[in-house]
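Enquirer: Listed here are the chains, written in short residue letters.
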Amino acid sequence: MEAIHNTAGAVNLKSQAELDALHRVMNAKAKRKKNIRTGGLLAANIVVAIIILLPLLYAVSVALMPSSELFTMDLNVLPKQPTLENFKNALENVPLLKFVLNSFVVAGIITIGQIITCSMAAFAFAFLDFKGKNVIFMLVMATMMIPGEATIISNYLTVSSWGWLDTYQVLIVPYLTSAMGIFLFRQFYMSFPISLYESAKLDGCGNIKFILKILMPLTKSAIGAMAVYTFINAWNMYMWPLLVTGSEAKRTVQIGISMLNSVDAQSITLMIAGVVIIIVPSISIFIVGQKQLIKGMFSGAVKG
Amino acid sequence: MSTLTLRNICKRYQNDNYAVKDFNLEISDQEFIIFVGPSGCGKSTTLRMIAGLEEISGGELWIDGELSNYLEPKERNLSMVFQNYALYPNMTVYDNMAFALKVRKMPKKQIDEKVQEAARILEIEHLLERYPKALSGGQKQRVAIGSAIVRNPKLFLMDEPLSNLDAKLRAQMRVELSKLHKELGTTMIYVTHDQTEAMTLGTRIVVMKAGEVSQVDSPQVLYQHPVNKFVAGFIGSPSMNFLDVSLYRGYDVENQKTYLTIEDHPVYLLEKTARLLKEKGYHRSKVTFGIRPEDIYTEEGKEANPKLEYSEAMQVTIIARELLGAEVMLYFDLEGIQFCARVEPENQTRAGEKLKVYFDLNRIHLFDMETEQTLNL
Ligand SMILES: Nc1ncnc2c1ncn2[C@@H]1O[C@H](COP(=O)(O)OP(=O)(O)OP(=O)(O)O)[C@@H](O)[C@H]1O
Ligand SMILES: [Mg+2]
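Here the protein sequences come in this chain order: P and C. Residues in the first sequence are numbered consecutively from 1, following this note's numbering. Residues in the second sequence are numbered consecutively from 1001, following this note's numbering.
Note that these hints are calculated values from the structure, not bench results. Glycine included, C-beta positions come from ideal geometry on N, C-alpha and C. Some clues are possibly wrong.
[Claimed, not checked] Straight-line alpha carbon distances no greater than 20 Å define the calculated SDA-like cross-link-like pairs of lysine to any residue that follow:
id, chain 1, residue 1, chain 2, residue 2
1, C, 1105, C, 1123
2, C, 1074, P, 129
3, C, 1272, C, 1312
4, C, 1102, P, 198
5, P, 220, C, 1089
6, C, 1074, P, 204
7, P, 131, C, 1014
8, P, 213, C, 1300
9, C, 1307, C, 1344
10, P, 133, C, 1013
11, P, 209, C, 1089
12, P, 213, C, 1248
13, P, 201, C, 1071
14, C, 1074, P, 68
15, P, 201, C, 1047
16, P, 201, C, 1307
17, P, 213, C, 1047
18, C, 1133, P, 165
19, P, 98, P, 204
20, P, 131, C, 1013
21, P, 131, C, 1137
22, P, 220, P, 112
23, C, 1272, C, 1248
[Claimed, not checked] With the C-beta cut set under 8 Å, the calculated list includes, among others, these residues of chain P facing chain C:
id, residue
24, 39
25, 157
26, 191
27, 195
[Claimed, not checked] Label-pair restraints from in silico Cβ distances:
id, chain 1, residue 1, chain 2, residue 2, range
28, P, 207, C, 1112, 45 to 55 Å
29, P, 193, C, 1302, 51 to 61 Å
30, P, 243, C, 1112, 58 to 68 Å
31, P, 208, C, 1013, 21 to 31 Å
32, P, 208, C, 1065, 30 to 40 Å
33, C, 1089, P, 233, 23 to 33 Å
34, C, 1313, P, 193, 56 to 66 Å
35, C, 1109, P, 248, 53 to 63 Å
Excised from the complex, chain C in its bound form:
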């Protein structure tokens, strides 16, 4: 059982600017929270403040309803897995895992049970007598996780634990972490750079930018309804296509529709989108238009998904084609900005050829040019 509340948490290093500013987050029991954001945005700092390794400059940290700003790291009863594993090189794997328990003066027999149990879960029983330098990266990682779980901490903190592993091992460890989380049911906070890790592991993702939280939500919501241009661009790979466009409301004489123009072609917005824009007072103005690569369809794609609502056809010239195994990426320019579309692998369009593309109108995103906030939300 553990809940965590961060209220207006701030961090300043020696009179510097804020490394973390007004961080607010409620974490309930058994959640798997992911911190993502560009390098230097304060993810590690926040994690270290929760762990007690870094002093909190402002705000409150509540662990299980107890104000914990001033508790020593060991009193907070949480475990942290570091990027470089932080195994004690002078101890065997067994002693590494037992160390925290020995320090707490737990009886030998109980320690042995716990270590064996953790070793079983992580499948490292055969490595217990080895020293850390005789382990591979993935094995070290497991041992580090093992040392973390033997203590039954309230909370697991992990700072990019998989970033030293190769892609295959990483995928494997990802699955195991997910399994582990289900098995242990401990609340976890996990820092990563990796999109896939964030999307697959997290129950909720915290997107940070320059020390501030941009959005906190489940991976699906975050992906489909980003609150601003930064989140829209940061989540998803390849990232969303953006283009500054002009918005016209009701100027279309025939059907009074709201539309925007891309290369002088009108893209008529859906009724609900138009209404939202109207409510927010966007009339005849410039906005940023955004669409994800997979929401751009070709003729065949459109026919395969007849239920969706599409924009009018737009003629584009393909400038590059990338085959990524199960899918094909097509690149083209609109108003001088490069767009990327993810299309079905049967598509044979070559560079230089012309192609008709359609936008899924339910999946277009519009942002204010100044504030970069999402308008159609």
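Okay, chain P solo, but in the shape it has when bound:
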């Protein structure tokens, strides 16, 4: 009893002024600590960001140089006489904008198609019961083990026998689904309690409605990640479009770039300008997608 009184007394002894002073001192200390930590983190982040962005920034800077400036003995990091000539030439030499548009159409449709087909297939594998489910799933997974190069010629022969060469559908249709996507979505769906599905069934909610109203909203993050991944993959496709398209009207941007190369082998600045042009949509998709991704990941966790 005595001891308790004593300690309580010790605290009470401090006057209001003393207490305020103590608060100030402690607060300043805590603040300083926090500032140092944030500052350190910021500095580290900036350094890492610069290292990562360096090649990209250098590409932009090269694209702005006249080609004479690049082929000198001294190191030119920044253009001395910045010029937009390269961009102009690139756009004039090959129909880059048309290529970008083609790529957008192709990659966009592939992305949407994959999300639809993969989520539906994954739903079937995760929630429905049917004969041979496991065997079919194994088959789907097995397709991931076959390298694309192994089938490209037979695929080419198939589509050419259909007369599909040099069309949009030949670029799109073969990529409308992917085993990888099915696997990814299935893993996500497996973590769902099956009673959620059963409950929806009792509520009178059909399979499609269940996918649209319950599964999709709950797997926003998976869909976001999948969309970014698929879009970039489709955007970067090279072999297949090269093989099946002939005319400039259907070529995608990756092939367009190599056309810049063949037009004038010497002009690296020209090519880099082309690369910078086509990299812009790719990066912006990533930035937009990333935002979507983060939103998707947090929409479940944050109330409201």
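Here the structure of chain P is known, so what remains is to put chain C with the ligands in place on it, guided by the hints.
Expert: Here is chain C with the ligands on its own, set in the frame of chain P:
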């Protein structure tokens, strides 16, 4: 209005043995039916077959006089509350409750009325805007029940809905469920492991064992007149004491009574019990004797209930004593089998002391050793 008839319902999973076999049950309107039984006995399977979540392998399911084996779950118009609540995590409580109605394209205004009404009954009006992850277990449970009642289903199915709750909340929800049943008057089928839930909630209890129905009856009848040893042992906590004994009929020279012996002491059976045994042809044989802990009396207990008919005194040595608040459990051995007696809390007998106990002769149960069927029923 809803009645339910299950006739010879069977369930087999891929050529396996029967998970449920020849399940027969008539459920009339407004009943509160409880399924109990040990784990894996087929309670959930039966419930899911009624809901339409599981295919019925054999037999017929009639809902309101309509053969319903082949109806889609949504066409059966019943609601199910799952053990893990099954709330949609991406929707608010309000939307969760409204979902089934929205799917059925009910007008917005009507939906709102129904949801508000259900929320009022369950006292969750203040939670309507929250998401499921911001709810406690008990609140989630109410929301799940709320989603079930807004649809005015013919039938409520609940699969161990309270098993995730702590004891206190469970007791509270039990009372509310009982209230809810009175208020709504909907027929309910309820699966549980919990004795208390079964005894307090049910109008009738279905005791299952290994996919088959052992007995269907009201809690009182089930408790007092179990049809076999399994039901006798399963219902009641602590469970009934069992002992294999020898039965003698008419060998007592003086009064020609039927008796059985426990540790060489005769326990004379009542006239009606003896007659039943005689009718069934049990003469001089071994049977299983069963008695519930509360039907074993001490001297004081006997004096307090002078109207009952008791066996002769039996001297036992107490091996353990448990104080459970309002009552005391005494443990002792008879022929090497441990018996438990529930006695009045004033009883001060300690472990190691000797005590005279009496059996209530009207409450003893005798079972066939082979078939385990009750003999004195
Ligand atoms: N999908 C399934 N495939 C094969 N066997 C199953 C399946 N579901 C259940 N069973 C079997 O059917 C039997 C009954 O299961 P059920 O889930 O109905 O038991 P329960 O009485 O609900 O048990 P618990 O009290 O543990 O929930 C069990 O033996 C179980 O192994
Ligand atoms: Mg179960």
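Enquirer: Hinted pair, alpha-carbon criterion (20 Å max): residue 98 (chain P), residue 204 (chain P). Please report holds or violated.
Expert: This hinted pair is violated, its Cα atoms lying about 48 Å apart.
Enquirer: Could you check the hint for me, namely that residue 208 (chain P) and residue 1013 (chain C) are 21 to 31 Å apart, CB to CB?
Expert: 28 Å, holds
Enquirer: Is the straight-line distance between the alpha-carbon of residue 1074 (chain C) and that of residue 129 (chain P) 20 Å or less?
Expert: 18 Å, holds
Enquirer: Given the hint that residue 1074 (chain C) pairs with residue 68 (chain P), test it: the Cα-Cα distance must not exceed 20 Å.
Expert: 75 Å, violated
Enquirer: Next pair to validate is residue 1074 (chain C) with residue 204 (chain P); report whether the Cα-Cα distance is within 20 Å.
Expert: Roughly 5 Å separates the two Cα atoms, so the pair holds.
Enquirer: Can you verify the interface hint for residue 39 (chain P): is its Cβ closer than 8 Å to any Cβ in chain C?
Expert: 36 Å, violated
Enquirer: Straight-line Cα separation of residue 131 (chain P) and residue 1137 (chain C) no greater than 20 Å?
Expert: Violated, at about 37 Å.
Enquirer: If I claimed the Cβ atoms of residue 207 (chain P) and residue 1112 (chain C) lie 45 to 55 Å apart, would that claim hold in this structure?
Expert: 28 Å, violated
Enquirer: Given the hint that residue 1307 (chain C) pairs with residue 1344 (chain C), does the C-alpha gap stay at or below 20 Å?
Expert: 18 Å, holds
Enquirer: Evaluate the given range 23 to 33 Å for the C-beta pair formed by residue 1089 (chain C) and residue 233 (chain P).
Expert: 30 Å, holds
Enquirer: Holds or violated: are the alpha carbons of residue 220 (chain P) and residue 112 (chain P) at most 20 Å from each other?
Expert: It holds: about 14 Å lies between the C-alpha atoms, which stays within 20 Å.
Enquirer: If you draw a straight line from the CA of residue 131 (chain P) to the CA of residue 1014 (chain C), is it 20 Å or shorter?
Expert: 11 Å, holds
Hint compliance for this structure: hints 1, 8, 12, 14, 16, 17, 18, 19, 21, 24, 25, 26 and 28 are broken, all remaining hints hold.
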